[in-house]
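Please put together the full structure from these sequences, using the hints given.
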Amino acid sequence: MADENARSAVIWKDALVAADLIAVDPAGLGGVVLRAGPGPVRDAWLARLRAGLPKGAPVLRAPTDVGDGELLGGLDLSATLSSGRTVAQRGLLARSHGGVLLVAMAERLAQTPAAHIAAAIDAGEIVAERDGLTICSEARLAVIAIDEGLEEDDRPPAALRERTAFQLDLRGLTHRDLGLQDGDQPRPDITAARSRLASIITPDSLIEVLCTTCAALGVGSARAPLLALKAARAAAALAGRDVISDEDSALAARLVIAPRALHLPPAHAPDDEQADAEPETPEPEQPPEDQDSDQSPPNQPDDDKGDVRTLDDTVLEAALAALPPGLLAQLQANAQRLRAGQTGKVGEAQNTVKRGRPIGARRGDPRSGVRLDLLHTLRAAAPWQRLRKRTVAEDIVRPSLEIRRDDFRIKRFRDRKQTTTIFLVDASGSAALERLGEAKGAVELLLADCYIRRDEVALIAFRGVGADILLPPTRSLHRAKKELAALPGGGGTPLAAGIMAAGLLADEVRRKGRTPTLVLITDGRANVTREGLGGRAQAQNEAGIAARSIKAQGLRTLLVDNSNRPEPRAGQLADDMGALYLPLPRANSQMISNAVRASAPAAQAVRR
Amino acid sequence: MARPFPFTAIVGQEEMKNALLVAAVDPTLGGVLIFGDRGTGKSTAVRALAQLLPEMKAVEGCPYHCDPARTAGACPKCSGDSKAKIASHMIPVPVVDLPLGATEDRVVGALDIERALAHGEKAFEPGLLARANRGFLYIDEVNLLEDHLVDLLLDVAASGENVVEREGLSVRHPARFVLVGSGNPEEGELRPQLLDRFGLSVDVKTPTDIATRVEAVKRRDAFDRDPAAFAAAFAADEERLRKKITAAKKLVPTIDVADETRRRVAELCVALGTDGLRGELTLLRAARSVAALEKAHTATMTHVKAIAMPALRHRLRRNPLDEVGSGVRIERALIEVMG
Chain A
1 MADENARSAV
11 IWKDALVAAD
21 LIAVDPAGLG
31 GVVLRAGPGP
41 VRDAWLARLR
51 AGLPKGAPVL
61 RAPTDVGDGE
71 LLGGLDLSAT
81 LSSGRTVAQR
91 GLLARSHGGV
101 LLVAMAERLA
111 QTPAAHIAAA
121 IDAGEIVAER
131 DGLTICSEAR
141 LAVIAIDEGL
151 EEDDRPPAAL
161 RERTAFQLDL
171 RGLTHRDLGL
181 QDGDQPRPDI
191 TAARSRLASI
201 ITPDSLIEVL
211 CTTCAALGVG
221 SARAPLLALK
231 AARAAAALAG
241 RDVISDEDSA
251 LAARLVIAPR
261 ALHLPPAHAP
271 DDEQADAEPE
281 TPEPEQPPED
291 QDSDQSPPNQ
301 PDDDKGDVRT
311 LDDTVLEAAL
321 AALPPGLLAQ
331 LQANAQRLRA
341 GQTGKVGEAQ
351 NTVKRGRPIG
361 ARRGDPRSGV
371 RLDLLHTLRA
381 AAPWQRLRKR
391 TVAEDIVRPS
401 LEIRRDDFRI
411 KRFRDRKQTT
421 TIFLVDASGS
431 AALERLGEAK
441 GAVELLLADC
451 YIRRDEVALI
461 AFRGVGADIL
471 LPPTRSLHRA
481 KKELAALPGG
491 GGTPLAAGIM
501 AAGLLADEVR
511 RKGRTPTLVL
521 ITDGRANVTR
531 EGLGGRAQAQ
541 NEAGIAARSI
551 KAQGLRTLLV
561 DNSNRPEPRA
571 GQLADDMGAL
581 YLPLPRANSQ
591 MISNAVRASA
601 PAAQAVRR
Chain B
1 MARPFPFTAI
11 VGQEEMKNAL
21 LVAAVDPTLG
31 GVLIFGDRGT
41 GKSTAVRALA
51 QLLPEMKAVE
61 GCPYHCDPAR
71 TAGACPKCSG
81 DSKAKIASHM
91 IPVPVVDLPL
101 GATEDRVVGA
111 LDIERALAHG
121 EKAFEPGLLA
131 RANRGFLYID
141 EVNLLEDHLV
151 DLLLDVAASG
161 ENVVEREGLS
171 VRHPARFVLV
181 GSGNPEEGEL
191 RPQLLDRFGL
201 SVDVKTPTDI
211 ATRVEAVKRR
221 DAFDRDPAAF
231 AAAFAADEER
241 LRKKITAAKK
251 LVPTIDVADE
261 TRRRVAELCV
271 ALGTDGLRGE
281 LTLLRAARSV
291 AALEKAHTAT
301 MTHVKAIAMP
311 ALRHRLRRNP
321 LDEVGSGVRI
331 ERALIEVMG
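Which chain is which? The protein sequence lines are A and B, in order. Sequential numbering from 1 applies to the first sequence in the working numbering. Sequential numbering from 1 applies to the second sequence in the working numbering.
Simulated from the structure, these hints should not be mistaken for laboratory data. Cβ coordinates follow ideal geometry from the N, Cα and C atoms, glycine included. Be careful, since some hints might not be right.
Partner residues aside, some chain A positions facing chain B, computed with beta carbon under 8 Å [to be verified]:
#1 Leu102
#2 Ala104
#3 Leu229
#4 Pro583
In the BS3-like style, the derived pairs of lysine-lysine whose C-alpha atoms are separated by at most 25 Å in a straight line are [said to hold, decoys possible]:
#5 Lys122(B) / Lys389(A)
#6 Lys17(B) / Lys218(B)
#7 Lys551(A) / Lys205(B)
#8 Lys77(B) / Lys122(B)
#9 Lys244(B) / Lys77(B)
#10 Lys551(A) / Lys512(A)
If you want the footprint, here are the derived chain A segments under chain B, 3+ residues with CB under 8 Å [unchecked claim]:
#11 114-125
#12 214-228
Okay, here's the thing in structure tokens:
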């Protein structure tokens, strides 16, 4: 408990420092992704930020569903109509110039407004052509993206997270934690710091230290060290220093680089032989092997990266120390998200026309089973009324509102993808018949579970010389049971062929807009090549290659090792395919199905 | 107007810079696709290119900035009988952003709401495609673009003309632009149809070399602190490169390719098994641009080699079991063909 309190105190202190740094250099630092629900903690933080900003600096709020017009500005329609001449209206971004723009519920912010905000942060101005007006105005601002997302994959758009210096997570704090820091320290003089900012001297080695730290933690983007540098400079200004000190850079590493970390610094030289041979799949390096046992960050300096010996340990250590417990899981989630291409929600959700969260309207025919968006339809029809009234012949009774086919707008929705679980079962002789039976049973139990969630299930078995899709993706439990009952066993183990078949099916499933999950039940021993020939070494080798292609796909995978003793080859295979490894010797159906079910949510967060 | 980061100040990423220059020299090449991680300078390079390009002559007041010297392919108004003297002015080459999630209306153009409301008039308000005519259309995160927009872009890119038949409007106008797309392949693959349309494709990676990264951050920081002074320091380089592009643009149509070179290029494409003839054609044309930039009179295999990777990379058939990337395959084939 005491640990918990101390930890909260540190988080809050850092959060306050971040608020002050933003106040010193809003445009340079780009802003904050603030993970916090509504409440006193968030209010206190925002109050602190507001207090630091220069007098009269704007603090504006953009709603989640902010439109282009509101953000960028454009024609002031009512003023234009009433005055009879073009009246332009400034947008939120231009009006936030010199201050901050709060984005409420940023995790629900759509890509387009996010792209506009990102462009403003990048360029410090907005240039747009809208409504026949050329809009060009300065927009140097910080964005406070308030993130109320509950799930790990429910985050603000990556374009914003990339450009804001800080990522704060205040969810664990209560108002009691606030008192710990307030009052016992004088508020720093932010105005003075701001005026000092331009004259702060940057030591030559600093940029190198920050870049090296980023490299050690797997942070590839060039924006990270740049933002860290600016944070360090603001920190120096805040502390009244003329030169950026080690303390400032350590702070910057902790606040800017640590939240972006993808992996811990390698404790041993990474096997980079293949890195050059695989330009198509730039994967983050694997976290070190001893991850499950060792929760505390190792302190080995990064000695093995060739010429990188200038690494300033204090900076890296500061970054490492800022990594919270449970971060290993987070790191892997980060890495996996990267690998799976699901930075943010992209790829997880799909646009549909029938159900889900509404994401606006588009022109369309409402007859084909989609829903009419009345408001947008009326809005589309409105400008035409004068024209249409003019063209209708006199003898026709005119409706007071004329709506034509062109005006119809249909609602669009964004829907969560449904899951398709692909079972890949080793039905060869090496999986003893008895265990094969248990595997079948487990699959059936899981099917019942999948059925409840309205998910689809597919089954591929490999034996003899190849793999067969015994059950194409289906929701029918009945059909699945029938197919499973007829599952024949025996013969060689063409593991590579099985994995390839599963990969192809997963790809197909993904193209249909569903999210595939693979459950592989095997002992990891292959003895038949893809050509259907014998040869253990070649077969094993091919299985490894196929497994790596699964990893490249970013497929969520669970490997159930059903051999009597945990089989190193199965573990290796799980590593190769980026799968969660589950050794289940002497497992019965219930055990297997429980394990698969229990690991289903964890399979998202924790992967080998 | 804020100043973009100077093109010549971009550290490393030679392949990307080279491809952009080649596409600028020959706008008919089909544009550039830039795939890579975030924060590798993709957007910076495209925006930097915009300010680097020499200005062009355009008809004053024409929403499509038609070329006064060429009536063929101009918009109806500019290509109409124009015995009268057309006023023209110099404008910067347009680089138009197509933001992700842009509506169809904004892309192709739509009814001018203001005029419809205020005057009851039916008038066309040109969209992004009109503004991009004779310039560049830049799509960040092109791989996440919605399908119906992709179809639309493919259509326009192929015909060089935007046809609008909607809301009682019937408009067609020229829309010839260099398509520049960027994205992160890990966030989604590009549809094969669109992939093939890009003339060149480059992969940008985060530089692994610390010195390069340090230099990049250093320059960006210097630029952020004082953009004017930074730009001034690179002004001479920028001007030199601008002249080089202008000269190359003039030179390109005159550049010869020896039959032997053509044969080798064909051999290269056969060895790599690229689909269709687009690979050969693009590679030869790109090689001409490379030669023009180097002020050569003939495009040789050296020039082919310099641009083979971006011209062919995205045209190879994917083999999931092949762990060797397309880059290595091209390199091997090049070595074989070059002898």
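Here is how each hint holds up against the structure:
1. Using the Cβ-Cβ criterion of 8 Å, the hint placing leucine 102(A) at the interface with chain B is not satisfied: the shortest such distance is roughly 21 Å.
2. With a cut of 8 Å, the hint placing alanine 104(A) at the interface with chain B is violated, because the nearest CB-to-CB distance is about 19 Å.
3. About 6 Å separates the beta-carbon of leucine 229(A) from the nearest beta-carbon of chain B, less than 8 Å, and the hint is met.
4. Taking 8 Å as the C-beta contact cut-off toward chain B, the hint placing proline 583(A) at the interface is violated, the least distance being around 28 Å.
5. Restraint check: the Cα-Cα separation between lysine 122(B) and lysine 389(A) comes to about 13 Å, which is no more than 25 Å; the hinted pair holds.
6. The hinted pair formed by lysine 17(B) and lysine 218(B) meets the criterion: a straight-line CA distance of about 19 Å does not exceed 25 Å.
7. For the proposed pair lysine 551(A) and lysine 205(B), the alpha carbon gap of about 20 Å is at most 25 Å, so the pair holds.
8. Restraint check: the Cα-Cα separation between lysine 77(B) and lysine 122(B) comes to about 17 Å, which is no more than 25 Å; the hinted pair holds.
9. A threshold of 25 Å between alpha carbons decides the hint, and for lysine 244(B) with lysine 77(B) the separation of about 34 Å lies outside it, so the pair is violated.
10. Of the supplied pair hints, the one linking lysine 551(A) and lysine 512(A) holds, its CA atoms being roughly 20 Å apart against a limit of 25 Å.
11. Only residues whose beta carbon comes within less than 8 Å of a beta carbon in chain B count, and the region 114-125 of chain A has 7; three or more means the coverage holds.
12. Counting residues of the region 214-228 of chain A whose CB lies closer than 8 Å to any CB of chain B gives 9, which reaches the minimum of 3, so the coverage claim holds.
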